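Trainee: Residue numbers (the working numbering), protein chains in the order written: chain A, 1 to 520; chain B, 1 to 520.
If you're looking for bench data, these hints aren't it; they were derived computationally from the structure. Treat the hints with care, since some could be wrong.
Intra- or inter-copy, both count: the list cannot distinguish identical chains.
Said to hold, decoys possible - Pairs of lysine to any residue residues, derived as SDA-like cross-links and limited to a Cα-Cα distance of at most 25 Å, are as follows:
no. : residue 1 : residue 2
1   : K62       : E257
2   : K90       : T444
3   : K411      : V344
4   : K105      : L61
5   : K148      : P461
6   : K105      : V60
7   : K73       : I86
8   : K308      : G189
9   : K73       : Q186
10  : K256      : K433
11  : K487      : S312
12  : K148      : R420
13  : K65       : I119
14  : K458      : G380
15  : K90       : S297
16  : K90       : I157
17  : K411      : M75
18  : K90       : L463
All values reported here derive from a predicted model rather than from experimental measurement.
Protein chains: 2
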Amino acid sequence: MLAMFCVRACSGLAGFRTVTRVRSVHSLPGITAAQIDEEVAKLLQLKARIGGDDGKHQFVLKTAKGTRDYNPKQMAIRERVFNTIIGCFKRHGAETIDTPVFELKETLTGKYGEDSKLIYDLKDQGGELLSLRYDLTVPFARYLAMNKITNIKRYHIAKVYRRDNPAMTRGRYREFYQCDFDIAGQYDGMIPDAECLKIVHEILSELDLGDFRIKVNDRRILDGMFAVCGVPDDKFRSICSTVDKLDKMPWEDVKKEMVNEKGLSEEAADRIGEYVSLQGGMDLAERLLQDQRMSRSKQACSGLSDIKLLFSYLQLFQVTDKVVFDLSLARGLDYYTGVIYEAVLTQAGVAPAPAEAQNGAPAEESVSVGSVAGGGRYDGLVGMFDPKGRKVPCVGVSIGIERIFSIMEHKAEASAEKVRTTEVQVMVASAQKNLLEEKLRLITELWDAGIKAEVMYKKNPKLLSQLQHCEESGIPLVAILGEQELKDEVVKLRIVATREEVDISRADLIAEIRKRTSEA
Amino acid sequence: MLAMFCVRACSGLAGFRTVTRVRSVHSLPGITAAQIDEEVAKLLQLKARIGGDDGKHQFVLKTAKGTRDYNPKQMAIRERVFNTIIGCFKRHGAETIDTPVFELKETLTGKYGEDSKLIYDLKDQGGELLSLRYDLTVPFARYLAMNKITNIKRYHIAKVYRRDNPAMTRGRYREFYQCDFDIAGQYDGMIPDAECLKIVHEILSELDLGDFRIKVNDRRILDGMFAVCGVPDDKFRSICSTVDKLDKMPWEDVKKEMVNEKGLSEEAADRIGEYVSLQGGMDLAERLLQDQRMSRSKQACSGLSDIKLLFSYLQLFQVTDKVVFDLSLARGLDYYTGVIYEAVLTQAGVAPAPAEAQNGAPAEESVSVGSVAGGGRYDGLVGMFDPKGRKVPCVGVSIGIERIFSIMEHKAEASAEKVRTTEVQVMVASAQKNLLEEKLRLITELWDAGIKAEVMYKKNPKLLSQLQHCEESGIPLVAILGEQELKDEVVKLRIVATREEVDISRADLIAEIRKRTSEA
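With the rest of the complex left out, here is chain A (with noise of 0.2 Å):
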């Protein structure tokens, strides 16, 4: 009997109707109110996803999962922040491109190992099977390849997609920006790789937020320790993203995946245990080239000697002192081929709140302030593309800007400061009515000799309110109208921190407005 009721509110019943029906067999033989209030529990679920009382589908108004809008405040943050990172670009020289939004899917294919189940494929509608881009680094080698462009200093910064567990208080979410840097080109040596890691100093240091670490290491440094310590080939990839979980697992944790589930000897996991703990500069690359096991592997001494001479770069680029070569430092995409380096926040204080931690994720998560930019060297891609398979060394940096976007909103929010959305100079306002006219004359005077001006789209807006909008939004002059003004050929204009007025005349009213904003 319930059950029927619920068959005939699924099929078009509005919930409301039906909950007042339950009631109504409330009396009836061999049903407890315990099972009638289960039912009506089960109705109004229903009710909640039908929608309305008017029983006809309601619309479900809200962004796509792990997506976000950004509001006027936010979009006001994130021009700065990507003026800072745009200015320190353009400060090296690089030019810029832009790349569509999707691929054909093949492009993509073969590139990101595991991770490819993340990237998001369009419907087939007819035509090429395509996916939106997973990262700007993939498009940008095909980019190459296809214009045969063999060097170049670029940046782009655009959006990337990744189907991923969104995390969006922690600025993990699944449409982001990437803001990246890369030196396309034959050259000498470790000078373009120490540039990258200038400029990730320069861009963390200028955007002041807080302390940071740059992590340094090489692929090669990676697989050749791994020889040495007894793992063997086909473990290599694998041993590889065990020992990417050190910031995440304590050792213990990162042995015993090693050992129990990967199938690696307990000797060579704790040799493995022994090189991973080691920081350092270029004292150390020197330290582990003396090393017997080590400098066995030719790869490893040619990696280390590589960070050797990067390290004499970034002293004289002067950014040592965040810079360490750290040996556990081991990233995730399959196209690194030389040096690899990451930058974290040292300072937990400024970390947007971990929120997972409450919800069962592990507690080690608060403790990490996770990894802000990252990259490294991959000179095997562009040949990917080339029809000939023609390689062009390359070397790039990506600056994380949610997690930065996240850190410097709830800095705002903090501070007292208020973040202006508008760059609105002068008010036009009206002491009087009727004077619409005047004032649209007024505002097009303004406009047109590139004053920032605005007026309230009312024909008789009080005073009050003209003002009232000014002191919300920041705007700092007000250019009152009224009768006498007129007559007078003059303008009311007020300084809206101060509430003084002073009379100016029409001819002089432009230059004034420049003068008095012109720190603006």
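On the provided structure of chain A, position chain B as indicated by the hints.
Mentor: Frame of chain A, contents of chain B only:
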């Protein structure tokens, strides 16, 4: 027999070898040379599809159909255009927002009429059904309803996606930018509408694309006109879309479509024909308010009164020189409810060459210079998203940037002007060998002082190649280090344009570079 060869080629045989085999059967009985030629042609086609001669699958190196990369030169032009447009939007006090590139599929459903078939859907990979945004207006309305915003003036510059027939030489792409400016809120009539037209006028004037005209009409005038001309209610939309073709077809053809295809009476069509040939300004609106037939429609009259009011504001904004009230303007989108407008360039000379004209497209195409901006009032769209149907009146304009990019690119190519793709102020160069370290020391000083500077990534580049790089990329200054300069604690500053060289003390170098590049 030949068919069999085909099958074998399909199943993996390299095209080249297959062709050879086909030749070897040339003398077999019962097969003519012509047949063989035919099969060879098929096999060669197949080979081209399979790819290279090594038999392995060759990658198609291209961007998705209807999309393109922007190279650094195109990006420099794009940046300039955006700066002009954003500058204008900011001058008018707009904030900015951003929305995700995809929306829930149902957000877009029922908003675009027939054009809905052009929407890109994402593949169902589990989870929500998503589509790429088709314009920025519907996401804007969704944003307002979702955040219960009842008034805002915002701009949004982002890419939108349409599975349309691309015509890339004329700037019609499947992925393209829209630059939207919209005013939402309950305001006094026609003030925001007039500001939108002022903005189009400012932007097109500033971009210097040659002469233009902004056509204005009103949905209510169109509907009223159809009513008084005797169009049945259920044919308004369909007749409206035929009227929309008047910029591409002569009246005679439009009339034929109305009468023969859409079943309108000849008299009704002729009456429409009289109206849609009318163009004018405020005077025309006044005349039509007196028109015996037109004045019978209340709807038309309120549209005509608003056009009058609009023109009175446009006079104050000093833009009536370019704006024309044109009864033939009938924009396609369903959601417009009041004033509509469209800007067209009238100087055919600056338009990109209509490549399709040669490929069988109608010859009229080459006359029409196409719309570069359009918009109108849409008072009902936000209400479609609000759970309670609350309306937020909106009016806005969208600048069609791709066509403008095309024109600017053609102009840049035609002119002698060299488009710079970087902003580098100074190149740090060396006159002798083994000065890399000294150069890196100097460039660090420059970068840290905010100077845009470059150095070659070679240990010992030739001075000539360093100077050539400056010439090519428009770098105005070269800071040259040599043994003598290091000893004297000076830098030789070379002015690339004049080839003049002056010794500047290290202490004064930064100030000197700033002074010499301050106009940039």
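Trainee: Evaluate each hint against the coordinates.
Mentor: Results of checking the hints against the structure:
Taking the closest pair of Cα atoms, K62 and E257 never come within 25 Å of each other, the shortest separation being 40 Å inside a single copy and 42 Å across copies. In this homomeric assembly, K90 and T444 come within 25 Å of each other (Cα to Cα) only across copies, at 15 Å, whereas the closest approach inside a single copy is 36 Å. For a Cα distance limit of 25 Å, the shortest separation of K411 from V344 inside one copy, 18 Å, qualifies, whereas the shortest one across copies, 46 Å, does not. Taking identical chains as interchangeable, the C-alpha atoms of K105 and L61 lie at most 25 Å apart only when they sit on different chains, with a minimum of 12 Å there against 31 Å within one chain.
Proximity of K148 to P461 under the C-alpha cut-off of 25 Å is restricted to the inter-copy arrangement: shortest distance 23 Å between copies versus 61 Å within a copy. In this assembly of identical chains, K105 and V60 lie within 25 Å of each other by CA distance solely across copies; the values are 11 Å between and 30 Å within a copy. For the identical chains of this complex, K73 and I86 are neighbours both inside a copy (20 Å) and across copies (17 Å), given an alpha-carbon limit of 25 Å. With identical chains, the CA atoms of K308 and G189 are at most 25 Å apart within one copy only, with a shortest distance of 11 Å there and 71 Å across copies.
Within a single copy, K73 and Q186 get their C-alpha atoms only as close as 43 Å, which misses the 25 Å cut-off; across copies the closest is 23 Å, which meets it. In this assembly of identical chains, K256 and K433 lie within 25 Å of each other by CA distance neither inside one copy nor across copies; the values are 80 Å within and 53 Å between. Proximity of K487 and S312 under a CA criterion of 25 Å is satisfied inter-copy only: 23 Å between copies versus 73 Å inside one chain copy. For the homomeric pair K148 and R420, the shortest alpha-carbon distance between copies (21 Å) is at most 25 Å, but the shortest distance inside one copy (45 Å) is not.
When the C-alpha separation of K65 and I119 is checked against a cutoff of 25 Å, the pair qualifies both within a copy, at 15 Å, and between copies, at 20 Å. With identical chains, the CA atoms of K458 and G380 are at most 25 Å apart between copies only, with a shortest distance of 21 Å across copies and 63 Å within one. For the identical chains of this complex, K90 and S297 are neighbours neither inside a copy (40 Å) nor across copies (60 Å), given an alpha-carbon limit of 25 Å. Both within a single protomer and between protomers do K90 and I157 lie at most 25 Å apart by alpha-carbon distance, with minima of 13 Å and 22 Å respectively.
Taking identical chains as interchangeable, the C-alpha atoms of K411 and M75 lie at most 25 Å apart only when both belong to the same chain, with a minimum of 15 Å there against 33 Å between chains. Only between protomers do K90 and L463 lie at most 25 Å apart by alpha-carbon distance; the minimum there is 24 Å, versus 45 Å within a single protomer.
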